[in-house]
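> The chain contents come next:
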Amino acid sequence: MSDDALAAAERSATSVLHAVLRSRWLRYAIFLGVLALVPAVFTRVPFYTMSVGVLMAIQAIAALGLIPLTGHAGQISLGQAAFFAISGYTSALLTTRWHTNALLAMIAGMALSAAVAYLVGTFIFRAQGQYLVLATLSFGLLVSYLANQLPLTGAADGIPGIPALAPFGFTISGDVDMYYLVALVLLIAVIVVDALLRSPVGKALTALGDSPVATAAAGVSIAGLRRNAFTLAAALSALAGSLYAHWSTYMDPGQAGILSSVQLLIIATIGGQRLVWGAPVGAFVVITFSEASKTLIPKVIPQATGNYEIVVYGIALIVILLFLPRGVGGGLIGLAGRLARAVRGREATAVD
Amino acid sequence: MNCALEVSSATVRYGGVAAIDDLSFQHEDGGVVGLIGPNGAGKTTLLNVLSGAVRLTTGRISLQGRDLTSRKPHQIARLGITRTFQNLQVFGSLSVLDNVLLPRVARGWATAVGDMVLLPQAHRKVQAERARALDLLDRVGIAEYAQQPAGSLAYGLQRRVEIARALAGDPELILLDEPLAGLSASESVDLTELFTKVSTEGITVLLVEHDVASVLSVSKRVLVLDHGRLLADGTPDEVSANPEVRAAYLGEEWT
Chain X
69 MSDDALAAAE RSATSVLHAV LRSRWLRYAI FLGVLALVPA VFTRVPFYTM
119 SVGVLMAIQA IAALGLIPLT GHAGQISLGQ AAFFAISGYT SALLTTRWHT
169 NALLAMIAGM ALSAAVAYLV GTFIFRAQGQ YLVLATLSFG LLVSYLANQL
219 PLTGAADGIP GIPALAPFGF TISGDVDMYY LVALVLLIAV IVVDALLRSP
269 VGKALTALGD SPVATAAAGV SIAGLRRNAF TLAAALSALA GSLYAHWSTY
319 MDPGQAGILS SVQLLIIATI GGQRLVWGAP VGAFVVITFS EASKTLIPKV
369 IPQATGNYEI VVYGIALIVI LLFLPRGVGG GLIGLAGRLA RAVRGREATA
419 VD
Chain V
18 MNCALEVSSA TVRYGGVAAI DDLSFQHEDG GVVGLIGPNG AGKTTLLNVL
68 SGAVRLTTGR ISLQGRDLTS RKPHQIARLG ITRTFQNLQV FGSLSVLDNV
118 LLPRVARGWA TAVGDMVLLP QAHRKVQAER ARALDLLDRV GIAEYAQQPA
168 GSLAYGLQRR VEIARALAGD PELILLDEPL AGLSASESVD LTELFTKVST
218 EGITVLLVEH DVASVLSVSK RVLVLDHGRL LADGTPDEVS ANPEVRAAYL
268 GEEWT
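So the sequence lines, in the order shown, correspond to chains X and V. Take the first sequence: its letters are residues 69 to 420, numbered as in our numbering. Take the second sequence: its letters are residues 18 to 272, numbered as in our numbering.
Isolated chain X (complex conformation) (with noise of 0.2 angstroms):
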């Protein structure tokens, strides 16, 4: 290729990566064109399988809300898998036993995970920098513990036979109808969540991270923004665990453990706490790790068991957060930006 070329083609791709950077709805449309390509891509590649891709989309959903919380508000959550198992467990209660509409069931058990939410961080808001994280953490506990001992939700047993969604007369059956569903969810998500890190409310959630007492002392009240962005951030995870359970149809005391609410926060953590495309990259990442070591490390060594797992896990987290301290996602920012302003810094030298 001649210079010309190569020069053209390089201030095209500039233009393009500036475009990026400045249209969120040319953002969502490429995500868009992403979660469309996965199908296709996921049948084809070692590792992935569709019910893979579910996954990814469930837990980007159930690690969402981290990103208001956690990335801006500075709240760390251990209590979102709670959240999840409450509204999984109350479909799963709903359709099995009173036969209730899969739909209905999932918006009672958001409203439920939420109205908890509401509740615990009224109480828990009034506490003060890391009680707030053992709060959370006592909460986790305590729903992972009933979860294991109540009779009413099959106490180590589960409950099995959980119907599947129907959305408008549509049967879900199979994974790629489902991936195409959670998909759009996610999608959805995404869309509004970000929308709410521009409003002044999020500016809020902003601001309480970088000074709690300034955010006070500008009139807003940090407790309810606390708690409302916790509220929001279960009531995410409830949707999740409710589109888990139907998909499923077993919901189990594992969904609840404390294991699964550091999983989300490590996914939220691994793509970037800061932006909504954080969720989805992390959970492509994370989970793309431990599917590839499941397959892997019994290969490599023969006796391992699934604890060697985690020991993976916490060595990939501390190597990404070691080079890309702001997650996969917030690193990838970052790069198109340095790039973007590399090539101009080379456009301005050759006009002088």
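Honestly, the hints are just simulated from the structure, not real lab data. This structure is a prediction, so every number in the text was calculated from the model and none was measured. Treat the hints loosely; a few may be bogus.
[Claimed, not checked] Below are the SDA-like pairs computed for lysine to any residue, each with C-alpha atoms no more than 25 angstroms apart in a straight line:
hint	chain 1	residue 1	chain 2	residue 2
1	V	Lys89	X	Gly292
2	V	Lys89	V	Pro55
3	V	Lys89	X	Pro280
4	V	Lys142	X	Ile259
Fit chain V to the supplied structure of chain X, relying on the hints for placement.
Below, chain V alone, put in the same frame as chain X:
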């Protein structure tokens, strides 16, 4: 309208030590009120009490007759007392403009949510507030940085962001905690002129400052704290002639 601040028998005790000890004063005529005193005299504690960050052990505070004694910081801000911080507390990752917009738009949740879902009326309100915030930035002399992240600004400029943000809350009383610390002489002059101008617009300014000369030159009334008590109270001339004040400041700079 001038604010009527009343502090009666205010005491803040940490264990056995009284940071503020049975302090009483009133202020009704607006203007700039200076608050000075040696280190550890209780100046910052008094500001924290007035802004709700620290609770009184005993005593009472009111503004315009409304009791503020056990109110939370955000309630006090809405009732008309806003503040700046000695250790800078700008919202570093928000733009300068958003720092100043926050006190005005984040209070009305209806507006905030309405703007989010693009309700035209709510959106117009946010746009109007934006124009007001830009005016305010212009007055404080940082309009050109409106779109920059506040955390990227130089120290002196961040102080101005805090002052603009405190003014944006429509206060009756504004508390300035050492706003001139670390500023150059010309920056200090600019800001003290701004304080005077603000006070002529009906906002009472309570100025805590280490630079005694600046306080004396700009204030119409000066309160001197020492060991949590009111050591002197009067015009700058009266206070600087007071032998007790001079004794309290012995060893410190007194110009």
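> Hint compliance check: list the failing hint numbers for this structure, sorted ascending.
Of the numbered hints given earlier, the structure breaks just one, which is hint 2.
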